[in-house]
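A.B. asks: Here's the letter readout for the chains.
Protein chains: 2
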Amino acid sequence: MITFVTGNINKVQEVKAILGADFAHEIKLEPLDIIEVQGDPEFVAKSKCQTAAKLISGPVMVEDTSLHLAALNGMPGPYIKYFEKALGLDQLHKLIDGWPNKAATAVCTMAYSEGADMDVRLFKGVLEGQLVARRGENGFGWDACFQPINSSETLAEMGAERKGQISHRRKAVLAFKQFWDGK
Amino acid sequence: MITFVTGNINKVQEVKAILGADFAHEIKLEPLDIIEVQGDPEFVAKSKCQTAAKLISGPVMVEDTSLHLAALNGMPGPYIKYFEKALGLDQLHKLIDGWPNKAATAVCTMAYSEGADMDVRLFKGVLEGQLVARRGENGFGWDACFQPINSSETLAEMGAERKGQISHRRKAVLAFKQFWDGK
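Just so you know, the protein sequences line up as chains A and B, in that order.
With my numbering applied, the first sequence corresponds to residues 16 to 198, in that order.
With my numbering applied, the second sequence corresponds to residues 16 to 198, in that order.
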């Protein structure tokens, strides 16, 4: 059994759906509130995983989702959640009103450890797109403000199935699954 | 002796100048790079102080400087340093191009502890103003983009002396000094 430590049940549901019914391990949700560090997404995810591994016995996984705006040279990155909360989905896109470049990179960084003081492995999934004015009601977080490249819909306009086929989270989870399949 | 843990020597110089020659304790700079947590400025400063106190023997102080933009409902706050670095001073003000409200609050949060596992005391200084296009060459950090209320100059246009009379850091340091004077 692998314990997925996150306060966001939506993430667990997406991860389980992507792993599929044939995944050999049970994923258990543990809604612990872990203090996160400042830094780049890899460092944030790694630290969170190390902290989680000290609190949970047995294998543990965490994830960090970040949104990097090209106009802001990669910011807000891991701090996007605070901007989403502060501005709301109606205003989030206004953060780059001052720039013509609307390019955005969604990154899902999953971190896995077999236990306290064990190595942390990172699995990263990246989805390129644009930050746009809010459209759509599906999904969660800033899905409504993110339109993937080669798509006319935001992540919140497409259904869960389509999102699950292309998302940054899917790519990270598949890398994680590949690691398990190769063990 | 009090050890001031910071990577920024400018901050130590300002603090020493504000405390003045008659302050009874020596302030020693320790340029340790401490991992900071995510959260509000009080939590960031308190955590940093607790970490510093574990690394240093004897009384320790740290500070966190944050810039809260009214248009962004308080963001970037403690993350301003990453935005300053990513955008540079020439572009920082563009972050709120989408909003007419340019109000900004500069906050200096000092944290002091007598040692590891001891209480942490916080001293806060606040300066209201506006985020403006870069002007001036004095000061450091985002001083050139912050114009205090009732001033026609940015913090980087006024000299160190005038800045030291009105700054958020001055207010925090005076609260710290008052605490010592009352001991």
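To be clear, the hints were calculated from the coordinates, so they are not data collected in a lab.
Heads up, a few of these hints could be off.
[To be verified] Derived lysine-lysine pairs resembling PhoX-like cross-links, with alpha carbons at most 20 Å apart:
#, chain 1, residue 1, chain 2, residue 2
1, A, K26, A, K198
2, A, K117, B, K109
3, B, K109, A, K109
4, B, K198, B, K186
5, A, K109, B, K117
6, B, K139, B, K96
7, A, K96, B, K31
A.B. asks: Hint by hint, say whether it matches the structure.
C.D. replies: For each hint, the structure was consulted:
A C-alpha spacing of about 25 Å is found between A/K26 and A/K198, which places the hinted pair above 20 Å, so the restraint is violated. With a CA separation close to 14 Å, the supplied pair A/K117 and B/K109 stays within the 20 Å bound. For the hint linking B/K109 to A/K109, the alpha-carbon distance of about 11 Å falls within 20 Å, and the restraint holds. Our distance criterion of 20 Å between C-alpha atoms is met by B/K198 and B/K186, whose separation comes to about 19 Å.
For the proposed pair A/K109 and B/K117, the alpha carbon gap of about 14 Å is at most 20 Å, so the pair holds. For the given pair, B/K139 sits about 18 Å from B/K96 by alpha-carbon distance, which is consistent with the 20 Å threshold. In summary, the hint linking A/K96 to B/K31 is not supported, as the alpha carbons are separated by about 37 Å, beyond the 20 Å threshold.
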